[in-house]
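S.K.: These protein sequence lines map, in sequence, to chains A and B.
Using the numbering used here, read the first sequence as starting at 1 and increasing by one per residue.
Using the numbering used here, read the second sequence as starting at 1 and increasing by one per residue.
I should point out that these hints are in silico values taken from the structure, not numbers from a laboratory.
You may find that some hints are simply not true.
[To be verified] Now the in silico label distances, taken between C-beta atoms and shown as ranges:
| hint | chain 1 | residue 1 | chain 2 | residue 2 | range |
| --- | --- | --- | --- | --- | --- |
| 1 | A | 94 | B | 10 | 18 to 28 Å |
| 2 | A | 94 | B | 274 | 50 to 60 Å |
| 3 | A | 123 | B | 274 | 47 to 57 Å |
| 4 | A | 10 | B | 174 | 57 to 67 Å |
For every residue, glycine included, the Cβ atom is placed at its ideal position computed from N, Cα and C.
For reference, the chains in residue letters:
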Amino acid sequence: MLEFRKVTKAYPNGPIALNDVTLSVSQGEFVFVVGQSGAGKTTLTKLLLREEKPTQGQIILNGRDITKMRAGEIPYLRRSIGVVFQDFRLMPNWTVEENVAFAMVVVEASPRLIHRRVAKVLELVGLARKAKQLPGKLSGGEQQRVALARAIANQPAFVIADEPTGNLDPETAWGIVKLLLEINAAGTTMLMVTHAKQIVDSLRKRVVALEGGCVVRDEERGVYHG
Amino acid sequence: MFTMVKPRTFGYFFQSAGSSLVRNSWMTLASIGTVAVALLVLGVFMLLAVNVGAMAAQVEEQVELTAYLADLNNQQRAQLEAELKAIPGVALVTFVSREEAWQRLLEWYGDDRGFLAGWEDDNPLREAFALRADSAFRVGEIAAAVARLRGVEEVIHGREIVEQLLAITRAVRLVGIGLMAGLALASTFIIANTIRITVFARRREISIMRYVGATAWFVRWPFIIEGLVLGLIGAVVASSVLAWGYYFAVRSLAAAIPFWPFVAPWPLLQRLALALLALGALIGVVGSGMSVRRYLDV
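Full structure from sequences and hints, please.
M.R.: Here it is in structure tokens:
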């Protein structure tokens, strides 16, 4: 469902962030993307969300080359991708419920659907009872669950988790990873960018390792260090 | 593209714009105030122009000329009357004796005639022929012909006054438009700045909107509405002040300057208010549009 074909991203007057990357991810896969800071992981995410365009190459998602999309199509691309970030990116003055519903308000879902779906995803992430609370009252792990609930509210076929456990202690991190696995098991393709060696090593999922903008390793049932 | 938003979503947009307006209440007040002042100035000048114009129109409709005479004997006067009647375009010639002129003057001043007391025995008025032109357009040419006749000392007609009034109307309009252009520009920038601050205050929300796939117009609408609301409220304030001020001014001035044909407040004020609302809306939308284009990278 996702294909990088000879993708290169060079910033003007800067280093080459991605160098001739070719990568293919099938529907329903769970993929870890690992690598040092500056290896090109963030660029990968930005290219997928069309925040940036590659210098060369094609990125095919669901049969469409997203590098050739017009500006007006980009919002619809992003609706098909759920994103979770290390820093949660929640609105502090909105309740948990409002934060999740926002993703659906923005795509103009009907109020009834929003109501139903928000309740469902909050149940899924185990926060149904905290729906009316503000994010500030929640722990880091809970906040990331809210962000995850928001990411899947529009039922995307594809979720990118960019260092989702980076700010969490190991135990909480495992809770989030289990949720990601559950969502993946329900059919959602999952791309998790991470530094968490322990998690990668114990799950033995597919691992794509980046170094200096190149894919240096791509293994089924891989580990953090090759 | 921008119409591709479901109607119910506008509820969200208005709510969103409203909360911004309340949160930045000082900027909101400043913006509304500037728009209101700009539109108020424009409105005052428009009302002035309309009223001076009305006076000009009234004077212009008067087709009468007055030819003041030198001392003439009856024969000379009769000859002059025949000459006057012979001028093309003259419809009616009436002799006004000094006594009649005096009576007219008394009538004109009505209850205020008191200050004329004592003059009646030493009537300072001159004999005259009152002429009526068959059309207002010929008054000027008739006046010129009359002035050339022997025995006519002076010709008075409305044309000169009309021209002066029209010149004043033009000047009032020009000054009004000039001031307005400057003030409109200033208020546009004030609104643009308010929206810029709002965009900055909501940058977090905006970035989330982009990640979850909001269209560019979905992100823009609340800011456009915010600008629109600022412009419209400014226009409402200006219109209200103008309406109140005009009623008040006409009431007190009508007594002081009874001969001035003040334009009735209705429907003049309604039209003015509509014009100001349209202009306020334009200022608001252009102002927010400037900031949305510059600072909202969607």
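S.K.: For each hint, tell me whether it holds in the structure or not.
M.R.: We went through each hint and held it up to the structure:
1. Residue 94 of chain A and residue 10 of chain B have their C-beta atoms about 20 Å apart, which keeps the hinted 18 to 28 Å range intact.
2. The hinted window of 50 to 60 Å between residue 94 of chain A and residue 274 of chain B is violated, with their beta carbons roughly 39 Å apart.
3. The beta-carbon spacing between residue 123 of chain A and residue 274 of chain B, approximately 53 Å, falls within the hinted interval of 47 to 57 Å.
4. For residue 10 of chain A and residue 174 of chain B, the hinted distance range of 57 to 67 Å is satisfied, since their beta carbons lie about 58 Å from each other.
In terms of the numbered hints stated before, the structure departs from hint 2 and from no other.
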